[in-house]
Structures are given as structure tokens and as C-alpha cells.
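Student: Residue strings, one per chain:
Protein chains: 2
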Amino acid sequence: MAPVRNARTVFNSVPTGYPEPGKTTVYDDTKTIDVDNVPLNGGFLLKTLVVSIDPYLRGRMREPHIKSYSPPFALGEPLTSHGVGVVVRSELPGVNPGDHLYGFFTHEEYSVRNNLSGLMKITNEHNLPWSVYVGAAGMPGKTAYMAWKEYSRAKKGETAFVTTGGGPVGSLVIQLAKLDGLKVIASAGSDEKVEFMKSIGADVAFNYKTTSTADVLAKEGPIDVYWDNVGGETLDQALLAANEGARFIECGMISGYNTGGQPIRNLIMVVAKSISMNGFIVARLQPKYDAEFYATIPAKLASGELKYTEEIWDGLEKVGDAILAVQKGTNKAKVVIKVADE
Amino acid sequence: MAPVRNARTVFNSVPTGYPEPGKTTVYDDTKTIDVDNVPLNGGFLLKTLVVSIDPYLRGRMREPHIKSYSPPFALGEPLTSHGVGVVVRSELPGVNPGDHLYGFFTHEEYSVRNNLSGLMKITNEHNLPWSVYVGAAGMPGKTAYMAWKEYSRAKKGETAFVTTGGGPVGSLVIQLAKLDGLKVIASAGSDEKVEFMKSIGADVAFNYKTTSTADVLAKEGPIDVYWDNVGGETLDQALLAANEGARFIECGMISGYNTGGQPIRNLIMVVAKSISMNGFIVARLQPKYDAEFYATIPAKLASGELKYTEEIWDGLEKVGDAILAVQKGTNKAKVVIKVADE
Numbered sequence: 084m085a086p087v088r089n090a091r092t093v094f095n096s097v098p099t100g101y102p103e104p105g106k107t108t109v110y111d112d113t114k115t116i117d118v119d120n121v122p123l124n125g126g127f128l129l130k131t132l133v134v135s136i137d138p139y140l141r142g143r144m145r146e147p148h149i150k151s152y153s154p155p156f157a158l159g160e161p162l163t164s165h166g167v168g169v170v171v172r173s174e175l176p177g178v179n180p181g182d183h184l185y186g187f188f189t190h191e192e193y194s195v196r197n198n199l200s201g202l203m204k205i206t207n208e209h210n211l212p213w214s215v216y217v218g219a220a221g222m223p224g225k226t227a228y229m230a231w232k233e234y235s236r237a238k239k240g241e242t243a244f245v246t247t248g249g250g251p252v253g254s255l256v257i258q259l260a261k262l263d264g265l266k267v268i269a270s271a272g273s274d275e276k277v278e279f280m281k282s283i284g285a286d287v288a289f290n291y292k293t294t295s296t297a298d299v300l301a302k303e304g305p306i307d308v309y310w311d312n313v314g315g316e317t318l319d320q321a322l323l324a325a326n327e328g329a330r331f332i333e334c335g336m337i338s339g340y341n342t343g344g345q346p347i348r349n350l351i352m353v354v355a356k357s358i359s360m361n362g363f364i365v366a367r368l369q370p371k372y373d374a375e376f377y378a379t380i381p382a383k384l385a386s387g388e389l390k391y392t393e394e395i396w397d398g399l400e401k402v403g404d405a406i407l408a409v410q411k412g413t414n415k416a417k418v419v420i421k422v423a424d425e
Numbered sequence: 084m085a086p087v088r089n090a091r092t093v094f095n096s097v098p099t100g101y102p103e104p105g106k107t108t109v110y111d112d113t114k115t116i117d118v119d120n121v122p123l124n125g126g127f128l129l130k131t132l133v134v135s136i137d138p139y140l141r142g143r144m145r146e147p148h149i150k151s152y153s154p155p156f157a158l159g160e161p162l163t164s165h166g167v168g169v170v171v172r173s174e175l176p177g178v179n180p181g182d183h184l185y186g187f188f189t190h191e192e193y194s195v196r197n198n199l200s201g202l203m204k205i206t207n208e209h210n211l212p213w214s215v216y217v218g219a220a221g222m223p224g225k226t227a228y229m230a231w232k233e234y235s236r237a238k239k240g241e242t243a244f245v246t247t248g249g250g251p252v253g254s255l256v257i258q259l260a261k262l263d264g265l266k267v268i269a270s271a272g273s274d275e276k277v278e279f280m281k282s283i284g285a286d287v288a289f290n291y292k293t294t295s296t297a298d299v300l301a302k303e304g305p306i307d308v309y310w311d312n313v314g315g316e317t318l319d320q321a322l323l324a325a326n327e328g329a330r331f332i333e334c335g336m337i338s339g340y341n342t343g344g345q346p347i348r349n350l351i352m353v354v355a356k357s358i359s360m361n362g363f364i365v366a367r368l369q370p371k372y373d374a375e376f377y378a379t380i381p382a383k384l385a386s387g388e389l390k391y392t393e394e395i396w397d398g399l400e401k402v403g404d405a406i407l408a409v410q411k412g413t414n415k416a417k418v419v420i421k422v423a424d425e
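Chain order of the listed sequences is A and B.
In terms of our numbering, the first sequence is residues 84 to 425.
In terms of our numbering, the second sequence is residues 84 to 425.
No lab work stands behind these hints, which were simulated from the structure alone.
Using N, Cα and C, we set each Cβ at its ideal position, and we do this for glycine too.
Hints may be right or wrong, so weigh each one.
Stated by the list, open to error - Computed Cβ-Cβ distance ranges for the label pairs, DEER-style: (1) B/Ala-301 <-> A/Phe-187: 27 to 37 Å; (2) A/Phe-187 <-> B/Glu-327: 18 to 28 Å; (3) A/Asn-290 <-> B/Glu-327: 31 to 41 Å; (4) A/Ser-153 <-> B/Lys-238: 47 to 57 Å; (5) A/Phe-187 <-> B/Pro-154: 36 to 46 Å; (6) A/Gly-159 <-> B/Lys-238: 56 to 66 Å; (7) B/Thr-293 <-> A/Ala-378: 50 to 60 Å; (8) B/Thr-293 <-> A/Gly-284: 17 to 27 Å; (9) A/Lys-371 <-> B/Lys-383: 33 to 43 Å; (10) B/Tyr-372 <-> A/Gly-125: 56 to 66 Å; (11) A/Ser-96 <-> B/Ala-301: 22 to 32 Å; (12) B/Glu-275 <-> A/Asn-290: 50 to 60 Å.
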């Protein structure tokens, strides 16, 4: 077979505020690959099916000298994020054509990999769409499940407040909190997301853009567990509305990602109310919870016991726009880029 | 015996910034008490020996409608704080003249109490000065001991950063951290306190008013345990200098007590570095650790194994100035008001 297109999306420049599609990231469809003959050197050829667009990717768009928990993107190189792909050819023992792999993918249509570093096989016995393995059955789902298990110390009858409850992390947190018998207050940035949050069980769901978070928490609080994906003023309101001994699970602070950070003014409440606040990176919880997660969550997603939503964007040329939508919150659900069919 | 003076220090007005002696608090020596004949109504007469001046008292000087972890002072009524006193007369079974009691005292020379609520007997078998029972062997000592035990998860070879290391809480934390085999960085606001911190074992001690906290932490960090008594910019620097998995013990944030609070800008590091941050009020830890504390700490203080300093101010007329000194940090050591000899 003749060489085929091997399009990719490249990190082109460090943004100062919101990322700019076409400037921060550039779609490049000039490369080709000879799928049948490209040398594998003992490795394997992977065809990318889906890649995930997540809030934390903004933090990787930085100058390389700045340290953080995830590595910076390399200028001129393809972006990387979680993905699912299928093995086309292999010289690596134990890896066979047709195997599906989940893990860190470069934003390329095809890539040659030396080994399984950062990847794991998925068998998909419940026949979920592959996209779900980068969403509710992937990193965002693990984020919700593992940190809720590790840090919430949830007790029946308590009250939880979940931010970005329309997203893949928050929506699973809402459902886990309901399964544990909590009253759940949930916020998101659109009326459509509010409806979705109600449909999955949130007792109180509101659009923070049109309803005062402070008013809702004053009426529906105090809160015992706070799931923070946003930081900034919302975190400040949660600190004021916290119960004594509240647990704050610090998953992310997107309100500051494109603005250089939002100051927090009510942190004294951590002292006054004996609050415990735990930040985490899901990768550090995986060794403890990965087996339990895969043994339970995909089945519940397939049966409908746990619900999810997703928004599929078509092709790597959409990566830049999709990243911006996630940073601005204009997406409607978990964003996945579909790169190819099987 | 004729009635004697029963001086007191009264909360007179809510301060906006730093408390003002003579305005915020007023010394009143017009009251008298007939020690021999004052009716006890089944209670007992307590003579105040010492009362404690602590940073948290600023938080009690507030409008009564504002909720916080400790009750507001009542306008026109005596201040209250930890103290030690001796029973003069008693009608309460189990309470006898000569008994020494520790707990919450009104700022009066004498008071009639109905019961032992908020008080406990101390036997002082190690012959410590009574003032120590409101310092290293009292609430500040418990604060250091109990929270270090509960939250530090200290491991030999790690690094701790302790703020207000010249005070009664910080200085005990420094010594507990050294006993656990940690490298200790400690800060305070005067060169005299720096010398004291070195004398009790701090590996690195500095005056934050003349030396850059950021520079010290960049050179001597990263830090695994942060003992926070100050909040504000120092907390922001500690967040930047924290190691992955660091534990932040949030004891107080005095930098904001007289200014309406200091914003925190680097809280995203809680997420990025998987930091756990625990606020606490010592009263909530006491049921778990009180027996252990009294069984070990007073003996070590008496033997000199653990060191402490204190600064004795004479008479309730000094309460206003003493509170201001503690808020401004111009005191040299733990401040205790000596109200009377035995």
C-alpha cells in the first residue's frame, strides 16, 4: 500500500491567556506513513482511534523550565493526552494486531511505539464505545472514583457540593455521592448541564453564571464534602459554607488556569472549621484502586447504573478548538476527538 | 476581713485594625469583693494566679453576630482566656481550698464559679511555675504536641518548616520535629528569637523581617511538613517550596488577623503537589491526646529535655498592651499575665 496521510497536531507556542487555535496549536497534515513497511525495530505500529481533551492540558502549555505535576508539551512536537488505539502491526511479544491499548497517545493518526510504557491493554467485555475509555471509564472516571474513595470520608446524610458537575469527573462524583447517601448540590455553567445534573440525581443543581453560589450554599449548606474543580471565588464560598470537619477534595482550579491564578481570601476557615484539604493527582492513586475501578465501573456504565455524556469532535484538526472550548466551558459534555474508525 | 480590690479587664469596643489598649480593652479597678463572705451558692471562690495572652484572642474581639470557632468577647464583660488559679473557699464537693485549677478564666482577680465546667485540677508534681501551665504545659503546648502527632506523618530525614518558631507553639514543634529526626527550618520576627530557635535545635533559623523566606526555602527546601501560624505570603512561599505529598498543618494565620485577611495565590500547588492541608482547633484533639500529653510533657519541661521561654507581665492592667504586643510580634516569648502570688 502506498504511504497514507499521518496528520498530527503540534504544540506551536506558549499561550499567555486562553490558548489560540492555529497559533498555540497547529494542525499539520503534510506527513505520511507507509503503514505496511514502516520499520518497527522490535516495537509496534499503533493506529489512534480517540484522544481525550481535558482541562489539565492547559497546564502543559508552558515554558519548559516551569516545573509542575505533568510534563510540559514540547514546542514543535505533537501534543499528547490520553487515548485509545488499535495495534496494526507488531514485533513486540505479547502485543498483537487488533489489540486495543489505552494510555498516553501522541496526537498523530499513527505512531510507532517501542514498548508498552504508559499503555495498557483493554478488553472491553461490556462493549462500551472506545471514547468512554478516555472518559467515564478512563482518566476522568478514575479521578472521580479514586479520590472520592480516598478522601471523602462520606457519611450518609451529609451534604456534598460538586463543581463542574456536568463534566466527566463531576458527574461521576455526583452519582458516587448519591450512592453513599449524601445530599448533593452541584454547579455547572449552562442550563443544559444543570438539567443533566438533575437527571443523574443531584438534589440541587444550579448554573453558577446566572445563580449566586453564595446564596445556594447559604440555603442548602452547610457542606461536608466539597469537590473542587474550579478554585477561585467558588472555593472561597465553599470555605464560608463549610461545616466543621469538612473535607475539601482539590481536583483542579480551572478558574485560574488562563488568568495566572485566582487569589483565595477565606483560607482562614481551614483553621476555624478544622477543614482537611487534599490535593491529588490520579496517577498516584491508580496503583491502589486501578483493579477495583476496572472491575466495577465499566460494567455499571454499560448497564446504565452509572450515566455519562460525551461530545465527539471529528478529527485532529479540531484539537485546538476543542481545547479552547474545554477551557472556556462552552462544551456540553466530556470532549473526545475521534481520530479514526477501527 | 474587709472587702478587697477585685480588678478586672473588660472588653470595651470592637477594634477595626490592631486592638487599642484603653479603648478596645479597659482596666477597671473599682470593684471589690469580700473574700471571706461572698456567697458561694454551692460553688467555689477562685483566686486568679496567671492568665494567658494568645494570638487567637484577636479573633474573639468581634461583633457577636459573626460566627467563628471561639465565642466572641461580650462587650462590657471581662475578657476570658486560659489561666491557672487557686481555690480560696468551696462549697462544691470534690473542690477544696488550695486546689489549683487550669482552664478558662475571666480576667478578674477573683471569681465565684458554680462548677468545674471548663476547668481541670492540676497537681504539678514536677514543680513547674504555674505560668508554664498556660504555655508549654498548657494550651499552646497541647496545640503543638497534638497536631504534630495527628497530622505531621513525619519521617526521619524529611524537612519541616516552622513559622513563629520563637513562640510557645512553634518552639515545641521545632523540638518535636528534631526528636522525630527531621531537618528543621524555622522563622521568627527578631534576631533574639532566631538565637533561641537555634538553641533548641533548629538547623536553619532566620528572621523573616530581614531575610527572604523564598530564598531560604529555595536553598534549604523542599519541605515535607509546614507548620503554619502565619498564613499570607509565607504560606504562599511554603506552597511553592513544598515537596510532593507535603503535609501542611494549619494552626493559625496571624498575618491576616488585624488586616482582614491576606489572599493566597499559590493554592493550585495543593493540587499539583498532592498536598494535604489540615486545619484544627486543639480542643477537638484533646479527648484523644490529653492523658498522653500530661503524662509526658510536663516532666520533660521540668527536666529540661524540652525547653521553653516565657515573658511575665505583671497585673491585669497590662492585658491590653500584652495583647497588642502578641499581635504585633514585639513580645520576646510566650506572654503570661501574673495576676497574683499564691
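Student: Identify every previously stated hint that the structure contradicts and give their numbers, smallest first.
Tutor: 4, 5, 6 and 8
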